[in-house]
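Dock chains F and G against the given chain L, drawing on the hints supplied.
Each chain, written out:
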Amino acid sequence: MAKVIEGLYYSESHEYLKVEGNIGIIGITDYAQKALGNVVYVDMPDVDDEVEAGVEFGAVESVKAASDLNSPVSGTVVEVNEALEDAPELINQDAYENWIIKVEMSDESELENLMDAAAYEAFCEKEAH
Amino acid sequence: MNNRLYGKLIFELSKEGRVGYSLPGNFFGEYDIPASMRRAEDAKLPECDELTVVRHYTNLSNNNFGVDTGFYPLGSCTMKYNPKINEEMASLPQFQNLHPEQPADTTEGARTLVSKLERSLCELTGLAHFTFKPYAGAHGELTGLMTIDNYHRSRGDMARKKVIVPDSAHGTNPASAAVCGLEIIEVKSLADGTVDYDDLKRIVEEQGSEIAAMMMTNPNTLGLFETRIPEIAALIHDCGGLMYYDGANLNPMLGVCRPGDMGFDVMHINLHKTFSTPHGGGGPGAGPVGVREGLQEFFPVVSPYNGNFGVMMRAYAYILSLGSEYVKEVGPLATLNANYIKESLKDVYELPIEGLCCHEFVFDGLKDKSTGVTTMDVAKRLLDYGYHAPTIYFPLLFHESLMIEPTENESKETLDEFIAVMRQIAEEAKTNPDEVKSAPHNTPIGRVDDVLAAKHPIVTYQQMLNDQD
Amino acid sequence: MYKYFPHTEDDLQVMMERVGVKNLDELYAQIPESIRFRGDYQIPSALTEEGVRQMFATLGSQNKQLTCFAGYGVYDHTTPSVIPSLLQRSEFLTSYTPYQAEISQGTLHYIFEYQSMMAEMTGLDISNASMYDGTTAAAEAMMMAVAAGKKVNKVLVSGGLNPKTREVLDTYALHQGIELVTIPLKDGVTDLAALTSQLSTLDGVAGVMVQQPNVYGIVEDFTGFAEACHEKKALFIMSSVIADLAVLKTPGEWGADIAVGDGQSLGIPMQFGGPYVGYMCCTEKLIRKMPGRIVGMTKDNRDQRAFVLTLQAREQHIRRQKATSNICSNQSLMALWVTVYLSLMGKQGVKEAAQLSYAGAHYLCDELLKTGRFHLIYDQPFFNEFYVKYDGDVDALYQRFIDAGFLGGVKFDGGILFAVTEKRNKVEIDNLVKIAAL
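Residue numbers (my numbering), protein chains in the order written: chain L, 1 to 129; chain F, 1 to 469; chain G, 1 to 438.
One chain only, chain L, in its complex shape:
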């Protein structure tokens, strides 16, 4: 069973968002990590790039699959997780610990469009079916 953490926001494309002040920390969920298998590459944006809610900002690749990363919220990239460049497998080890980008959020009302842990858990169950 995939891990879901209380207190985070979740998107239907399986990204999580952890909010710290006006900074949003974005990564893929444990469910997504399991579905992809061994992650071999993470395509990340550059710092200062703009991201938009629901729009692709990068991709996570495994050997036989690739999944677009869609930003749960709009904003400006303030940090990318450079450790993933050399060790993309960190995502498989702990998807929540190993975030992908940090974004300065521009519109907090967008959080309302995201799921909470319980809703996301239900969503995954339905999807797995």
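Be aware that a few hints might be false.
To be verified - Calculated lysine-lysine pairs in the BS3-like style (CA-CA distance at most 25 angstroms, straight line):
| hint | chain 1 | residue 1 | chain 2 | residue 2 |
| --- | --- | --- | --- | --- |
| 1 | L | Lys-102 | G | Lys-151 |
| 2 | F | Lys-8 | G | Lys-347 |
| 3 | G | Lys-64 | G | Lys-434 |
| 4 | G | Lys-285 | F | Lys-116 |
| 5 | G | Lys-299 | F | Lys-437 |
| 6 | L | Lys-102 | G | Lys-289 |
| 7 | F | Lys-328 | G | Lys-22 |
| 8 | F | Lys-369 | L | Lys-64 |
| 9 | G | Lys-285 | F | Lys-161 |
| 10 | G | Lys-347 | F | Lys-15 |
| 11 | F | Lys-44 | G | Lys-285 |
| 12 | G | Lys-64 | F | Lys-44 |
| 13 | F | Lys-15 | G | Lys-351 |
| 14 | G | Lys-411 | G | Lys-426 |
Unchecked claim - Computed spacing ranges between beta-carbons, pair by pair:
| hint | chain 1 | residue 1 | chain 2 | residue 2 | range |
| --- | --- | --- | --- | --- | --- |
| 15 | G | Gln-304 | F | Ser-370 | 30 to 38 angstroms |
| 16 | G | Thr-182 | F | Ala-35 | 28 to 36 angstroms |
| 17 | G | Tyr-2 | F | Leu-23 | 45 to 53 angstroms |
| 18 | G | Met-1 | F | Ala-191 | 38 to 46 angstroms |
| 19 | G | Glu-227 | F | Gln-296 | 45 to 53 angstroms |
| 20 | L | Glu-89 | F | Ser-22 | 49 to 57 angstroms |
| 21 | F | Asp-416 | G | Glu-26 | 19 to 27 angstroms |
| 22 | G | Glu-284 | L | Ala-65 | 39 to 47 angstroms |
| 23 | G | Gln-65 | F | Lys-8 | 34 to 42 angstroms |
| 24 | G | Asp-170 | F | Ser-370 | 57 to 65 angstroms |
| 25 | L | Lys-3 | F | Asn-432 | 54 to 62 angstroms |
| 26 | L | Gly-7 | F | Ala-191 | 18 to 26 angstroms |
Calculated directly from the structure, the hints in this document are not laboratory data.
Beta carbons are placed, not taken as given, at the ideal position from N, Cα and C, and that holds for glycine.
The following block gives chains F and G in isolation, referenced to the frame of chain L:
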């Protein structure tokens, strides 16, 4: 095929000073390339004598499996026999030495060949014109879609940017549409794998004025004939769209049914499938595109000259060899072979869709799923028995897809042996599953570490050397 | 019975019984009769093998065999006999794309060698497993630059690009919504000043493409080009004649991000336009943006070095409409062709062939100028191809060449472009000059 790995690289056989060529001396006088133009360092190419090169590539070839080696039931690829006479014809110097810019009156033979091949393909497909510019099947798809896009643009019908593709289609279809700047709409399949006509109708009702085309193979990727094709074509034509036929599965239609008669307006043919030209380890192929009368003026320029002319020569030799008498037997015999295998194995392999198939069919893995032996394992175990694997994990409609296409060239004895081996593997899955799961055992190499290759790509010899340091 | 169909009457009976049909027609019972094809195809009757030979011999005799002084992207180089012989090894010829690595190490090894050699020739880090030809490789490079550029859709293309390549670029650009802008030439070479001003006035340029040698055979000096591109975040793309890179300054040395072109000049017969092979190399940084197949090194479960198709997540069969390209195959067998060519020619041979081509072309040029009937249209350094103006009736001259058994260059825009390779000897050149002097 030799089951011991040869494994060397030509660079590892190099020794400074050796040569494998002979060139004339310079009789032209002192014309030296000025230093300002020159590269600083020589390209680090190998230095080998001729025999070393010949042995090296001969040894490499011995670690390869081809149609001439053994049965190659790779679904959707139509690995038929590549006749030797085709090769002999394609190597004739009277064609090999033609520069593509040569004036027309000095290349009459070559141009006649092209037009004769075109007439034959028109007759076999029921279409009116072909362009030979596309170099491969995917290139043909793109060319066909560009032709369609050009047609709509010429009418000022700029809103037609959507292409309907069955959800079971090969990934190339949507990729080609995207490269052509078109958007994909997926139409659902029914449980039997054919297009859900009601879903299609809904799409057409909602978005009919934006539909550029519908792309289909027929038979579809499951080897099933779309019997409602006349209605589907009418539906698309009525909304102003065109019908595109992906010729990937044309083989079982030879002698049976022509895409033009089914209602298709544009199609590509994979000469390397239906018309017996060799796959060459992944190319060169050829993907000529045919159209209904009136659409030929919309052909785009996707290559400078006559496409892969050498491949066209082979296809023409094949058509001449079969002639009108035998070309019509191709489809029925390919279809009989596929159905024969299907009926002989369906008690041990899961057949999701009963009934007659065309040239290929799909099993959804072993019937007995309790052993944990997957389609991947079955495929790898087949290598141990001297067969190429079927296509696996495609189409995506089933979890354990195993897609088998035997072609018309295989004898009953070959099929019977293959059936026996497939049954034996099903038996091994019960009695000795570990043997199957760890297969292959009798091949030059075992299963490879894909993750290592993708995570840390080493794609040149220089990178390999750097990595060792 | 027929030679490609092994089914005897007995076989057919047994097989149809197993399948549950009474005749072959019943196999297609589900197909509506209205669309069935009944009757005979109006194509010729089956020919015997001798009949096929005769047909091709007749057609072949209708082609005129000419001694080739034409280039324009397609060159008549020497083909070592080893190559066609090895390529007929059916284990190479009749295999499919090497998906099953365990029984495809032959193909995977040579593609790895091919990639290594292309990287060496172009001076760039990596190569893909090959593309269809030089023109489509250029189109793929254009799309790759746009995909890498994010939200920019302009590509600048030198006026020195072969118009045949440009035509293919235009086709792809039209459907992709890419805007192609021409960089003008000055005295036959790409104008750096014009490029610099275009880069600063045009908003968002994804890539800049030049050709070496250019369509007039001129070896251009690209000093400052890469810097100008990189300053504006545009990728610098060079299309080059690969054989010439044996000696010429490489795309890598010029600071190119992507190198493309045709491999035909590495001993592939001209065969009326194809098959050839396109190459594409790039910097390591761009590897995951590169279209097409790539072979990489890995290990098998017996700890042996092995090769495998890798980075497949970029490709059409996984990414579908989001793939960087729709290309499925490579041009594998033709990649083997150039790999064997480069193995035989080796480090020394490619340089010698290039030097001979260079010398032959300069000798021909000098001899033509001596006749007093020709002059060079641009006074620029060239390699093995040069563009001249003939003081007289060009069409009549061209026909005189043909009547004497020569393909005397390629005519365009009022000039003639002559090419010489190491295959042309002094006697042939002297004879061509005699006709030109008439």
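Status of the hints after comparison with the structure:
Proposed proximity of Lys-102/L and Lys-151/G is supported: the alpha carbons are some 22 angstroms apart, at most 25 angstroms. Taking the CA atoms of Lys-8/F and Lys-347/G, the gap is near 19 angstroms; set against the 25 angstroms cutoff, the hint holds. About 21 angstroms separates the Cα atoms of Lys-64/G and Lys-434/G, which keeps this hinted pair within 25 angstroms; it holds. Taking the CA atoms of Lys-285/G and Lys-116/F, the gap is about 48 angstroms. The hint is violated against a cut of 25 angstroms.
With a C-alpha separation of about 18 angstroms, the suggested pairing of Lys-299/G with Lys-437/F holds against the 25 angstroms cut-off. Of the pairs offered as hints, the one joining Lys-102/L and Lys-289/G holds, with about 24 angstroms between alpha carbons and a cut-off of 25 angstroms not exceeded. Taking the CA atoms of Lys-328/F and Lys-22/G, the gap is near 18 angstroms; set against the 25 angstroms cutoff, the hint holds. Proposed proximity of Lys-369/F and Lys-64/L is supported: the alpha carbons are some 23 angstroms apart, at most 25 angstroms.
Of the pairs offered as hints, the one joining Lys-285/G and Lys-161/F is violated, with about 34 angstroms between alpha carbons and a cut-off of 25 angstroms exceeded. A distance of roughly 11 angstroms separates the Cα atoms of Lys-347/G and Lys-15/F; the hinted pair therefore holds under the 25 angstroms criterion. The hinted pair formed by Lys-44/F and Lys-285/G meets the criterion: a straight-line CA distance of about 22 angstroms does not exceed 25 angstroms. About 40 angstroms separates the Cα atoms of Lys-64/G and Lys-44/F, which puts this hinted pair outside 25 angstroms; it is violated.
For the proposed pair Lys-15/F and Lys-351/G, the alpha carbon gap of about 17 angstroms is at most 25 angstroms, so the pair holds. For the given pair, Lys-411/G sits about 23 angstroms from Lys-426/G by alpha-carbon distance, which is consistent with the 25 angstroms threshold. For the hinted restraint 30 to 38 angstroms between Gln-304/G and Ser-370/F, the CB-CB distance of approximately 33 angstroms keeps it satisfied. Distance hint check for Thr-182/G and Ala-35/F: the Cβ-Cβ separation is about 32 angstroms, which falls inside the suggested range of 28 to 36 angstroms.
The supplied range of 45 to 53 angstroms is met by Tyr-2/G and Leu-23/F, whose beta-carbon atoms lie about 47 angstroms from each other. Hint check: Met-1/G to Ala-191/F, Cβ distance near 41 angstroms, so the stated range 38 to 46 angstroms holds. For the hinted restraint 45 to 53 angstroms between Glu-227/G and Gln-296/F, the CB-CB distance of approximately 47 angstroms keeps it satisfied. Range check, Glu-89/L to Ser-22/F: Cβ separation about 52 angstroms, and the 49 to 57 angstroms hint holds.
Roughly 22 angstroms separates the CB atoms of Asp-416/F and Glu-26/G, a value that falls within the hinted 19 to 27 angstroms. Distance hint for Glu-284/G and Ala-65/L: a CB-CB separation of about 23 angstroms, inconsistent with the stated range 39 to 47 angstroms. Between Gln-65/G and Lys-8/F the C-beta distance comes to about 40 angstroms, which sits within the given range of 34 to 42 angstroms. A hinted range of 57 to 65 angstroms holds for the C-beta pair Asp-170/G and Ser-370/F, which are about 59 angstroms apart.
The hinted range of 54 to 62 angstroms is not satisfied by Lys-3/L and Asn-432/F, whose Cβ atoms lie roughly 37 angstroms apart. The hint said 18 to 26 angstroms for the Cβ distance between Gly-7/L and Ala-191/F, and at roughly 42 angstroms that hint is violated.
Hints 4, 9, 12, 22, 25 and 26, counting from the list given before, are not met by this structure.
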